Amino acid sequence: MEPKSFIDVLRRFGMAFILLAMIIALSFMNPRFFTISNFLTIMRQVAINGALAAGMTMVILTGGIDLSVGGTVALAGCFAAGALHATGNSWLAVLVALGVGLIIGSVNGFFVSYTKLPPFIVTLATLALARGFTLVYTEGRPLLVDAPLFDMIGGGFVAGIPVPVLIVAMVYIVVGFVLNQTKFGRLVYAIGGNEQACRLSGINVERNKMLVYMWCGFLAGLSSVILTSRLLSAQPTAGTGYELDAIAAVILGGTSLSGGEGGVRGTLVGAFIIGVLANGLNLLNVSPFYQDVAKGAVILAAVLMDKAFHSTADSR
Amino acid sequence: MGDTKDAPLLAMQGISKSFPGVKALDRVDFQLWPGEVHALVGENGAGKSTLIKILAGVYSMDSGQTLIDGKPVDISSPRQASKYGISVVHQEFTLVPQMTVAENIMLSDMPSRPGLRLLVDKKAMVSGARDILDDLGVDISVSSPVRSLTVAEQQIVEVAKALSRKTRILVMDEPTAALSNVEVERLFKVIQTLVSKGMAVVYISHKLDEVFRISDRLTVLRDGRVISSSPISRLTRNEVVKQMVGRELTGMYDKPEVSIGRPVLEARDLLLDPIGQGISFKVHEGEVLGIAGLMGAGQIKLARALFGIERVYGGEVILRGKPMRISSPAKAVETGIGLVTENRKEEGLVQLLSVSKNITLTVLDAVSHMGVLSSRAEADIVSDKIRDLDIKTPSPKQIVRNLSGGNQQKVVLAKWLAVDPDVMIMCEPTRGIDVGAKAEIYRLIGEMARNGKAVLLISSEIPEIVGMSDKVVVMHSGRVVGELTGAGCTQEAVLRLATGGSAVGA
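So the sequences go chain by chain: A and B.
So the first sequence is residues 3 to 318, counted in this note's numbering.
So the second sequence is residues -6 to 499, counted in this note's numbering.
These are computed hints drawn from the structure, not numbers from a lab.
Do not rely on the hints blindly, as some may be mistaken.
Derived Cβ-Cβ restraints for the label pairs, each shown as a range [what the hints assert, rightly or not]: (1) F15(A) to G108(B): 56 to 62 angstroms; (2) I175(A) to I392(B): 41 to 47 angstroms; (3) I392(B) to L97(A): 53 to 59 angstroms; (4) A372(B) to G162(A): 40 to 46 angstroms; (5) V138(A) to A372(B): 51 to 57 angstroms; (6) G108(B) to L306(A): 26 to 32 angstroms; (7) T117(A) to P138(B): 45 to 51 angstroms; (8) N284(A) to A372(B): 46 to 52 angstroms; (9) N284(A) to E303(B): 40 to 46 angstroms; (10) N174(B) to M307(A): 45 to 51 angstroms; (11) Q293(A) to S120(B): 46 to 52 angstroms; (12) T43(A) to M103(B): 41 to 47 angstroms.
Treat the numbers as computed from the prediction; the structure is a model and nothing was measured.
For every residue, glycine included, the Cβ atom is placed at its ideal position computed from N, Cα and C.
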């Protein structure tokens, strides 16, 4: 094995250091930051983007992209609310949300795998379709969600931990296991690294790519359940711009946009960087207008720093 | 023609160049006179492309010097080469497909509007491009996008592009590899027009019949040395073939004696082209069947067709007596066929993954249970293969990209040996690897034969084909032109067939 040097550590944990530095700096800048209740708030906020970013990681690992997740969140939420109104069965509503996610993911996967259209174009189209169907279905009005199950998911605690946080922790454990310990996970990396080599090794590349988009859609459906439960309503404009936050978390987490390299652990760090930043800026009373500016600058700076770590490590 | 002048247009003297482990060029002299077509021939790895890359400023030489018009020059970059009037038309085109013919031709030197340096003078560009094409005597519309042209027309646009830069020395690397006979004629006319205007052309080709038609002088390279350099009128094809092959077979190819068993794979009138000729052959247990041919003769296409990547237009593939439709690589693997691709980087390996993960890529089902990988099963297979194939890697976890070419190739082989297919198709298995690794690959081929596998060895390196194969099928322009066995299977015979000659005659 290679010797562990300081550079190796930086290379592997560069983004974690950046996150740590942000936490330390914010703790000094605002006493309310470093409190348990604030950390729970951050985790609750990170949960939604976190679930999306886990699916996005899988897609990006194969060298693809999924721009449709924000639209999926909105459509899944509104259909779930509709199902709840129609049947009063909140478990069914949850299943509807997850099902909508799976269906959109399957559509993405089908077109990307079997028609060889670029993922960027396919998912841009399904994003528009999902947003469009949401507006048609809701006629632009929010739908209230009033059921104990959603109350519990949005506001409940188990052993002192908010339910959304538990759900997302589960997501990361499962996705981490799938990526690292299963045949499918291995293929996700291999396809992203060299699709043609996989095909010529007798692997059914198309089926596995399709599955990846289905995972991503399913997790978008799950995000939608969390979001709807937190708001106790389904908003037709929900999830606007969420795809970009998810992609940002993946990239901050060190997953290569060209595929084959990275993982879900880094993505979690990336999602926390974005979440901590937003929370910190709120606490510091930075105008919301400036928050996006800060987010953009931090993403650029963090990725630049990470690249610098990498090139020092590579040039040894 | 230019022999009356006192100094050649180009003189490369005593050029030597080494790469780690290989002496690519050893005191090579090369002269070029204005108005001549000078052919440069030799087997793969003889040093042709190294010499051209030095001339083009891509590589620097270790020793020697280059003179142009009798004056020493220092060509240290492609830019400088172009300043001295040297242009190379590579086998792979450097055209921008979406841009028009005129834009492509004038790309390196776009005419600008008088007084407005940033604006392109489109009229001047079009007329400049048209002038060049007219000079070449060809009729190609300058306003059509390059991607709408045939390969031959693109080739001519490449030449025209070189001419837009005041070229005096034009190097053409395998210019006819992708051209039909009619198109070759057209290109030859262009070449004749160029030399009649005093330009000098270096013509690199494997196709000796063409070389003998177009060139005035011919230089044979072998193992980095010049074997001969003389006017074409004093040479015969057979002499040139002998000079190219030269060396005797060494002990590298010690294929074990294996008794040949039942037929495993048979192709019957396999059509790779809707209008082509059917290809037929049979390969048995324990047999190494060589498929020889120059680059692009159809042998790679054949391999890919057998593996379900390339379309088949007719004929049958029979595996162990049963007709088989191989529609995808997955199907091929399932039916017991393995394919070592010609380019391990693009198609053979996942460069970012470890040695271990590359080896088990073909056998993930065997090393997993209900979809969950067993790291122990994986480690077992991997350590077996690393030992059997003597893969030199610090650890199974090493990223494959960091291995040498020879060891990477062994990882590709390991990946297939892990599947243990009945038929192993190997395309250029020793391309770009050093002699030691080559010998080991040959040993592994021998071992596969001994284990009763059928091996299809596809290579453009004729010594290797002749040395390793029990039987050699030779292809030329997409057709099987001969089958050689036993004493009749010599390098000369293979090369003669592969370059378009007939089997008979010495």
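We went through each hint and held it up to the structure:
no.: 1; hint: F15(A) to G108(B): 56 to 62 angstroms; in the structure: holds, 58 angstroms
no.: 2; hint: I175(A) to I392(B): 41 to 47 angstroms; in the structure: violated, 27 angstroms
no.: 3; hint: I392(B) to L97(A): 53 to 59 angstroms; in the structure: violated, 43 angstroms
no.: 4; hint: A372(B) to G162(A): 40 to 46 angstroms; in the structure: holds, 41 angstroms
no.: 5; hint: V138(A) to A372(B): 51 to 57 angstroms; in the structure: holds, 55 angstroms
no.: 6; hint: G108(B) to L306(A): 26 to 32 angstroms; in the structure: violated, 42 angstroms
no.: 7; hint: T117(A) to P138(B): 45 to 51 angstroms; in the structure: violated, 25 angstroms
no.: 8; hint: N284(A) to A372(B): 46 to 52 angstroms; in the structure: holds, 49 angstroms
no.: 9; hint: N284(A) to E303(B): 40 to 46 angstroms; in the structure: violated, 59 angstroms
no.: 10; hint: N174(B) to M307(A): 45 to 51 angstroms; in the structure: violated, 60 angstroms
no.: 11; hint: Q293(A) to S120(B): 46 to 52 angstroms; in the structure: violated, 57 angstroms
no.: 12; hint: T43(A) to M103(B): 41 to 47 angstroms; in the structure: violated, 59 angstroms
Checked against the numbered hints above, the structure violates hints 2, 3, 6, 7, 9, 10, 11 and 12; every other hint is satisfied.
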